[in-house]
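Engineer: These protein sequence lines map, in sequence, to chains A and B.
First residue of the first sequence: 1, per our numbering; consecutive thereafter.
First residue of the second sequence: 1001, per our numbering; consecutive thereafter.
Source of the hints: derived by calculation from the structure; they are not laboratory data.
All C-beta atoms in this analysis are idealised placements derived from N, C-alpha and C, irrespective of residue type, glycine included.
Per label pair, the in silico range of CB-to-CB distance:
(1) B:S1002 x A:G172: 38 to 48 angstroms
(2) A:G134 x B:A1034: 47 to 57 angstroms
(3) A:A63 x B:P1174: 35 to 45 angstroms
(4) B:E1115 x A:E177: 33 to 43 angstroms
(5) B:E1212 x A:G180: 21 to 31 angstroms
(6) B:P1004 x A:L210: 46 to 56 angstroms
(7) A:T183 x B:E1212: 15 to 25 angstroms
(8) A:W41 x B:R1319: 20 to 30 angstroms
(9) B:E1175 x A:T183: 29 to 39 angstroms
(10) A:A205 x B:R1195: 18 to 28 angstroms
(11) B:E1115 x A:L40: 24 to 34 angstroms
(12) A:P123 x B:G1032: 46 to 56 angstroms
(13) B:N1208 x A:L210: 13 to 23 angstroms
(14) B:E1175 x A:S145: 41 to 51 angstroms
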Amino acid sequence: MSAPLLTVAVPRGALFAETLDLLDRLELDTADVRANDRRLWFADAGIVTVRPSDVPTYVEHGAADLGITGKDVLAERTDADVYELVDLGFGFCRMVVAAREGEDSIGESLRRLGRVRIATKYPRTASAWFARTGRQAEVVEVKGSVELAPLCGLADAIVDLTATGRTLEENGLEIIEEIGPSTARLVANPVAHKLKAAEIDDLVARIRGLE
Amino acid sequence: MSHPIPPGTRDVLPDEMLELRELTEGLRSTFGNAGYGEVWTPTLEYEETLRTGDAGGAGAGYRLFDEKGEVLALRSDMTIPIARVVATRLGETEPPLRLCYFGHAYRAAERRTAELREFLQGGIELIGLPGAQGEAEVIALTEDALDRAGLRRHRVGVGDGTLFDRLLDDADVPEEARGELVGCLSARDLVGLERRVDLLGLSAATRNRLVELPSLRGGAEVLERAGGEAVDNLRELHELLAERGAADRVIFDLGLLRQLGYYTGPVFEVYDPAVGFALGGGGRYDELIGRFGRPLVACGMALDVGRVHLAQAAEERLR
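Based on the provided sequences and hints, a complete structural model is requested.
Structural biologist: See below:
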């Protein structure tokens, strides 16, 4: 088999299944990827599987020509120079501010201390949101289980991504602000976008033709 | 014990230095043989000089005071200092002027891939030759220089920094809506661009032109597809490049914008498929030298020598 024309970075995680379905519909061969849970590189199919938050890194460096990842990741990785080509529509969720149910912890902190403390996996998104809404925020970065932070006093509130809001609810948190929606996006390496323009445009046209 | 150096700077040791020297000598002799005389300018300029060239100081990030309290800045590119030289020291020399340079420039921008804060630029400036004639010479010479450097698959992306603005003019897009659109195109957030254009309530034809034209990339066929007079200058450039046998390496990219504010027409970027980022760039800047008091048209190209070296190494590995 000849080398594939394009290399695609596919996110393992919440977007994995729908991404592979999309690639199937585009007639890329994902059988190997589906059959090998631990393998990361599928040279024949032109697919590398990586963490969703690493997709911009692989694509920016040109290790993959294209990648699929959430808008939430792109909003956080503004340092990565990748082109955002298509809103793929799947993987819908919302970036929200959440705090302990029934308490005005943000208002209280702002009034008494002049700033609010926010725990998040998305420090840039959180800082930008509070700056845009004119409130001083101290952003604490955590790597996981963000819901815990307001419960044990690490932070007044959290900024996190939620699909259904269930995890928040189960931890006694409520959504108090919505920052914005997020869906999966197709991104491209800037140089590949020019040097492989025809191949990329063809793929984009086929994606738009799917619906 | 660790004695760090500032982020974005680096030491070069003999093995690498030998390769860098060989690379820069190759570029220098290519430029020299084409009639481009080498110049040196100070690393430090008065900040006001950089601001004369570009309202934002061309992204200069490091400033200091001298003993008289004057504000100095580390140059962020070589084009503005050379514009100053052409208007002052070379003020009596008849155009066209052909100049080349090798020197370090400094930027304090957010660090991205392969982006150093101190980086070696090698480039050319062609002053006094207007339009496509000047641009074709600069592009062809850049291709030759990279051939000489041993790259085999390099490409020059060519766009027009004024094209999108002209499209916005034609579509009567209000001034206050433009910043975001240009921001989206500049970052190639094509999803965001399409969404914002859709909010403007334009006719379908105008809307499609604003969204689709900037996404056209490819050979001369792109200029055909673009239609109309909007890309006449690029068509002429393509003809001149073809006459020189330099058109095959050119990719027209109608969405290409360059960050610096002094470009007034066609803009360029240099790529090699072995690396994921541009190796350099340039364009036409017909008003810059006039800001220093000598109205002369010009265009130029700057290569990031460190990145060209990375591309050389990557290409060798692939061979």
